[in-house]
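Chains S and E, in that order, are what the protein sequence lines are.
Just so we're aligned: the first sequence equals residues 5 to 261 in our numbering.
Just so we're aligned: the second sequence equals residues 5 to 261 in our numbering.
Worth flagging that the hints you see were computed from the coordinates, not collected in a lab.
Take these hints with a grain of salt, some might be off.
[Unchecked claim] Computed, partial: chain E to chain S, Cβ under 8 Å:
(1) His57
(2) Leu60
(3) Gln72
(4) Pro96
(5) Val103
(6) Pro150
(7) Ile181
(8) Phe200
Every residue, glycine too, gets a C-beta built ideally from N, C-alpha and C.
Protein chains: 2
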Amino acid sequence: MTDLSCTDTTPKPAIILVTPQMGENIGAAARAMANFGLTDLRLVAPRDGWPNHEALRNASGALDDLVQARVFDTLQQAINDLHTVLATTARPRDMVKDVYTPQSAATRITSEQTGAAIKTGLVFGGERAGLGNDDIARCHGIITIPTNPDFSSLNLGQSVLLVCWEWFRALDNTNDIQRPLGDSFPATQDKMDEFFVRLEHELEKGNFFKARDLKPTMLRNIRTMLTRAGFSDQELRTLHGIVSALIGKKKAAKDTP
Amino acid sequence: MTDLSCTDTTPKPAIILVTPQMGENIGAAARAMANFGLTDLRLVAPRDGWPNHEALRNASGALDDLVQARVFDTLQQAINDLHTVLATTARPRDMVKDVYTPQSAATRITSEQTGAAIKTGLVFGGERAGLGNDDIARCHGIITIPTNPDFSSLNLGQSVLLVCWEWFRALDNTNDIQRPLGDSFPATQDKMDEFFVRLEHELEKGNFFKARDLKPTMLRNIRTMLTRAGFSDQELRTLHGIVSALIGKKKAAKDTP
Numbered sequence: 005m006t007d008l009s010c011t012d013t014t015p016k017p018a019i020i021l022v023t024p025q026m027g028e029n030i031g032a033a034a035r036a037m038a039n040f041g042l043t044d045l046r047l048v049a050p051r052d053g054w055p056n057h058e059a060l061r062n063a064s065g066a067l068d069d070l071v072q073a074r075v076f077d078t079l080q081q082a083i084n085d086l087h088t089v090l091a092t093t094a095r096p097r098d099m100v101k102d103v104y105t106p107q108s109a110a111t112r113i114t115s116e117q118t119g120a121a122i123k124t125g126l127v128f129g130g131e132r133a134g135l136g137n138d139d140i141a142r143c144h145g146i147i148t149i150p151t152n153p154d155f156s157s158l159n160l161g162q163s164v165l166l167v168c169w170e171w172f173r174a175l176d177n178t179n180d181i182q183r184p185l186g187d188s189f190p191a192t193q194d195k196m197d198e199f200f201v202r203l204e205h206e207l208e209k210g211n212f213f214k215a216r217d218l219k220p221t222m223l224r225n226i227r228t229m230l231t232r233a234g235f236s237d238q239e240l241r242t243l244h245g246i247v248s249a250l251i252g253k254k255k256a257a258k259d260t261p
Numbered sequence: 005m006t007d008l009s010c011t012d013t014t015p016k017p018a019i020i021l022v023t024p025q026m027g028e029n030i031g032a033a034a035r036a037m038a039n040f041g042l043t044d045l046r047l048v049a050p051r052d053g054w055p056n057h058e059a060l061r062n063a064s065g066a067l068d069d070l071v072q073a074r075v076f077d078t079l080q081q082a083i084n085d086l087h088t089v090l091a092t093t094a095r096p097r098d099m100v101k102d103v104y105t106p107q108s109a110a111t112r113i114t115s116e117q118t119g120a121a122i123k124t125g126l127v128f129g130g131e132r133a134g135l136g137n138d139d140i141a142r143c144h145g146i147i148t149i150p151t152n153p154d155f156s157s158l159n160l161g162q163s164v165l166l167v168c169w170e171w172f173r174a175l176d177n178t179n180d181i182q183r184p185l186g187d188s189f190p191a192t193q194d195k196m197d198e199f200f201v202r203l204e205h206e207l208e209k210g211n212f213f214k215a216r217d218l219k220p221t222m223l224r225n226i227r228t229m230l231t232r233a234g235f236s237d238q239e240l241r242t243l244h245g246i247v248s249a250l251i252g253k254k255k256a257a258k259d260t261p
């Protein structure tokens with residue numbers, strides 16, 4: 005989980021929407037920002053003015069306090085105080101600018117922010133036409149989200165979600181794979197060995213190893229498959245219980261004429 | 005860009021929605037699948053039946069041919085033919101299961117698929133209550149999407165989008181940073197050197213280096229800042245043009261009494 009006390013002082017990129025049309029998408033963008041800890045939303049000439057009821061409704065509360073929205077007349081005004089600005093575009097432009105994936109863009113802006121109050125912004129165009137070339141010329145690089153070429157259209161809310169997610173992910177230090185064990189703990193290997201010895205003993209009694217020469221291989225295979233699961237101490241007790249119950253059942257079955 | 009001829013034969017995970025409620029979210033999920041090349045959508049007991057007009061409308065065409073949706077009565081029926089199944093949950097459960105991030109889950113399923121027809125599925129719960137513990141017990145692991153703890157709710161469409169994106173991203177081989185140069189090509193360094201020699205000459209004539217002892221440092225700084233931009237041959241011609249124009253202007257200004 006990202007340490008919020010850390011990200012609160014880490015400079016965060018502003019999200020800049022240029023001439024957004026649908027309040028629904030502005031709301032979805034604000035919601036995605038809140039999901040991933042971004043707070044600075046800048047709207048350049050939103051079609052339906054501001055505040056926008058539909059945006060507030062779709063933000064699910066994100067615009068109430070977490071995300072601050074401000075309105076500007078031009079992109080230049082919206083980026084005046086920033087140092088590094090990247091433009092998100094769906095299609096290639098005839099301009100010599102570095103084209104980032106969302107993840108390499110996140111790497112660039114989080115690297116620049118390390119130890120310096122570098123203010124960055126991520127710019128998104130409106131629903132109809134995206135960003136104009138004059139807008140893109142003001143930006144230091146381009147972000148293009150790779151998609152299936154047969155179905156490449158991402159809406160504004162989805163694009164903001166993916167770019168915000170990658171920013172969060174670049175800072176996030178959640179372990180890749182976690183195994184919560186609750187009150188229990190992984191079984192120690194002496195206890196696992198005890199179990200395997202017991203199991204072998206019971207299998208021997210049950211005439212499991214009919215082909216004597218295969219016994220070592222069969223035992224190794226059983227150890228392999230049961231070790232792979234990585235049992236907890238609690239689960240190991242359950243395994244012992246299962247063996248006991250099976251023996252008892254068998255015995256009971258045998259004892260009954 | 006992902007090679008589709010490759011991904012078409014790569015096994016792709018099925019997306020399984022358990023008791024989804026809003027057609028809008030089913031549509032958004034289908035759309036996200038299409039964006040990232042997934043095709044197998046399985047709906048377990050959708051509240052409003054199937055087909056669902058609202059889902060079709062929100063899928064923006066994704067359900068027309070790219071994504072095939074099938075309906076099942078139970079999760080067990082929906083996963084019967086699969087080998088590995090991961091459940092997406094927002095909150096931790098009191099179960100000993102590995103918890104993956106979307107990216108480590110993508111790594112796991114794409115690794116398992118390498119060279120083997122392992123069929124995988126990614127399971128999402130309905131809007132109201134998510135997945136029940138009995139559903140999760142049928143799955144091999146859990147995916148939890150890390151979010152801002154102060155605003156953690158992701159809707160169903162957003163969750164499917166992020167998980168599909170990470171699957172695509174794990175297969176995608178888009179260069180992290182690209183610089184499209186169009187018809188031009190990066191300038192060779194002899195041409196850059198020519199330019200710097202010319203610039204030095206013109207700056208000398210313009211009396212730019214007033215502090216003689218600082219000249220080497222100033223020249224080095226100029227080289228540094230202009231080399232960083234990585235000019236193309238076309239841009240280098242433009243730079244020469246700029247210098248020529250500036251000299252001409254200066255000369256003209258000087259020539260005029």
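So which of the earlier hints does this model not fit?
1, 2, 3 and 8
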